[in-house]
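Colleague: With chain A fixed as given, assemble chain B onto it according to the hints.
Line by line, the protein sequences are chains A and B. Under the working numbering, the first residue of the first sequence is numbered 1, with each subsequent residue one higher. Under the working numbering, the first residue of the second sequence is numbered 1, with each subsequent residue one higher.
I should point out that these hints are in silico values taken from the structure, not numbers from a laboratory. Check before you lean on any hint, since a few could be wrong.
To be verified - The calculated DSS-like cross-link candidates involving lysine-lysine, where the alpha carbons are at most 25 Å apart (straight line), are: (1) B:K42 to A:K106; (2) B:K85 to A:K135; (3) A:K140 to B:K97; (4) B:K38 to A:K180; (5) B:K42 to A:K251; (6) B:K22 to A:K96; (7) A:K251 to B:K80; (8) A:K135 to B:K22; (9) A:K106 to B:K26; (10) B:K70 to A:K124; (11) A:K140 to B:K152; (12) A:K140 to B:K85; (13) B:K95 to A:K140; (14) A:K106 to B:K38; (15) A:K173 to B:K38; (16) A:K124 to B:K38.
To be verified - Here are some chain B residues the structure puts well away from chain A; computed CB gaps all over 10 Å: (17) E102; (18) R117; (19) D123.
Using N, Cα and C, we set each Cβ at its ideal position, and we do this for glycine too.
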Amino acid sequence: MKNLIILLILTINFTFTSCGSDTLKYDFSKIKSLAETKALIAKMQLENKDEKVDSTSNFQEITLKGMHYAGVPVKSALITDNYTLLTTDTLNFSAKNLLESLEAEKGLTNIADSYSDDIDFFWKDETENKKLEIKLVNGKHLAAFGDKDYAELTINYKPTYTIPLANLHKKIKTFENQPKYILNIRAYDCLYDIILNDIIITESTNITEFNLNNYITGPNSSIKIIAKPSKSEGSKTFHEQSYFSATIINKSNNEPVQEIVKTALNGSNSIVFDTEFNSILPYYPIAWTDGADLRNDKNLKKKVIALYDKLGKAILAKDKQAINDIFYQKDFEMQQLDFDTNFETARNEWEAYLAIQTSSYKYTLANDFEIEFNDGGKLIYTYAKDKSDMIIFTGKGYDDTLNHYLYQPKGSNELKIIR
Amino acid sequence: MKRLTMLLLFTSLFGYAQIDYKGLVKNLEDITYETDIKAHFKGIPFNEEYSEIEFNDERFLRFYGVIVNKVTFSDSWNGKVINIKPFNENADYEKIKAKLFELYGEPETSERTTRIRYEWETDNKQILLSINLQGEEEEEEEKEETVQGVFKDFDSLTIVLKQE
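Chain A with its partners taken away, still in its complex shape (with noise of 0.2 Å):
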């Protein structure tokens, strides 16, 4: 029985990679990048040189017979540079025999919002977007497929990135209970600034959601919030309906971890909440936990421009691996306490970084600025006072700035980006 099997296997498997030679010729699901994309065309171009095939061209339309995509026939390959668009013919269930394929290749997903008819599918990874879009044309759904629907296959092959920026998701550590802090305020008429451990992560505000996870790193956390009149129309104190109330919730269960119960705000004189929370995560940052105490280093503003001259000098050299270094820890530790496994979160944020050394010639720095010490000086933040911000980088028709919280670890003399 088990020789008969094994048998039976060989037999349909000769049989159809030999009956299948002519017919399934070129198979666009081995392809993986552009290079490879184009490889095949030239095979292609060798194999069939009465056809028109350009190796060269970055746009054209392929009908040659013996493409398929694992072994559904393609009847038709649109190849450009930034895409490929596969067309399968609308024979013997092609769109159900595709969808199958591309299932079998990359897991079930769900199925995609479309504005039209078509039932739309993507499938997202490291090396490559597919969207696959079935066009019923004797079918009902995908319990009824019709022997005529066919579908589209777009690929899109993405760049490979070595650089540790756009891979930290691979060192990003899971764990059981992934608490998320958030700071819900709900308030009327006035502005607050909120202190979280000693530092100011923002002031005279009125937006009503903070992520705190990324100024934690220890199990209890202190939190201030001083609540101030709007000043809307001149007005210096607070309006007779003013209140405040906020809740700290854990959002990865929902739960309240601490509230400021509702407060009715009158006066002209801010009114201070100042309380303690249990800030319990799995992995605490080492961030700036080990900074020196930077309130009396007389050489700080030059520190400070410095790590930003250092910034803009990577930028404008394209030096992929100082870029990575100066941005490395801040950008881990925050994909880190977001518990962020999601390849796209690093690559979108490292191409973030090469969009601004692609798009810029040149950069300006702060040389006039206040520098604000928080958590017993261990972390500054620092005002521009003569330009909009610290760094400005500007290119044609394009300009864009950064700034960001600062620390010194013990034992160097150089400032580094830490949140």
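Modeller: Here is chain B on its own, set in the frame of chain A:
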């Protein structure tokens, strides 16, 4: 042995492990108040928003044998709420209605010119089946008189599973 053979055959032909589509099909009538929805539907993609879980792949959803377009699960004060959206096929409606009559008997019925509504209630569940009708009398929607119309589409098919 047969399954193993098929698996080997497909693997050797296509290089990828095929998905067991039949094995993933879920009969929504089997769900009880105690069912852990995510565990029950393990392997099937879903959307989750505001504590509502939605499955929208008709290949895996059945209700008494009828293909279901979409189903959502949510919790309310009176129990676990299942909202089922079949495709708007008269035959499917007739099949579901017949099954519910067979299982739960005569419902509380409300018939209007443009809508028929059936409601069954047992100790552990409440079922609401409501359809829209199409007919010449559509513009007289507000009238309470009973008119036999033709099935147009499903208005609502909701099951509330109560804690026993």
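Colleague: Now, for every hint given, state plainly whether the structure supports it.
Modeller: Status of the hints after comparison with the structure:
1. Between B:K42 and A:K106, the direct Cα distance comes to roughly 17 Å. Compliance with the 25 Å bound is thereby established for this hinted pair.
2. Distance hint between B:K85 and A:K135 is fulfilled; the C-alpha atoms sit about 22 Å from each other, no more than 25 Å.
3. For the proposed pair A:K140 and B:K97, the alpha carbon gap of about 22 Å is at most 25 Å, so the pair holds.
4. A hinted pair counts as satisfied when its Cα atoms are at most 25 Å apart, and B:K38 with A:K180 qualifies at roughly 22 Å.
5. The hinted pair formed by B:K42 and A:K251 meets the criterion: a straight-line CA distance of about 24 Å does not exceed 25 Å.
6. At most 25 Å may separate the alpha-carbon atoms for a hinted pair to count; B:K22 and A:K96 meet this at roughly 15 Å.
7. Of the supplied pair hints, the one linking A:K251 and B:K80 holds, its CA atoms being roughly 23 Å apart against a limit of 25 Å.
8. A hinted pair counts as satisfied when its Cα atoms are at most 25 Å apart, and A:K135 with B:K22 qualifies at roughly 23 Å.
9. With a C-alpha separation of about 22 Å, the suggested pair A:K106 and B:K26 falls inside the 25 Å cut-off, and the hint holds.
10. With a C-alpha separation of about 24 Å, the suggested pairing of B:K70 with A:K124 holds against the 25 Å cut-off.
11. At most 25 Å may separate the alpha-carbon atoms for a hinted pair to count; A:K140 and B:K152 meet this at roughly 17 Å.
12. With a C-alpha separation of about 15 Å, the suggested pair A:K140 and B:K85 falls inside the 25 Å cut-off, and the hint holds.
13. At most 25 Å may separate the alpha-carbon atoms for a hinted pair to count; B:K95 and A:K140 meet this at roughly 19 Å.
14. A threshold of 25 Å between alpha carbons decides the hint, and for A:K106 with B:K38 the separation of about 21 Å falls inside it, so the pair holds.
15. Of the pairs offered as hints, the one joining A:K173 and B:K38 holds, with about 24 Å between alpha carbons and a cut-off of 25 Å not exceeded.
16. A C-alpha spacing of about 23 Å is found between A:K124 and B:K38, which places the hinted pair at or below 25 Å, so the restraint holds.
17. The beta carbon of B:E102 is kept farther than 10 Å from every beta carbon of chain A, the shortest such distance being approximately 24 Å.
18. With 10 Å as the threshold on Cβ separation, the claim that B:R117 sits away from chain A holds: the shortest Cβ distance comes to roughly 26 Å.
19. Its beta-carbon lying about 31 Å from the closest one in chain A, B:D123 satisfies the requirement of being farther than 10 Å from that chain.
No hint from the list above goes unmet by this structure.
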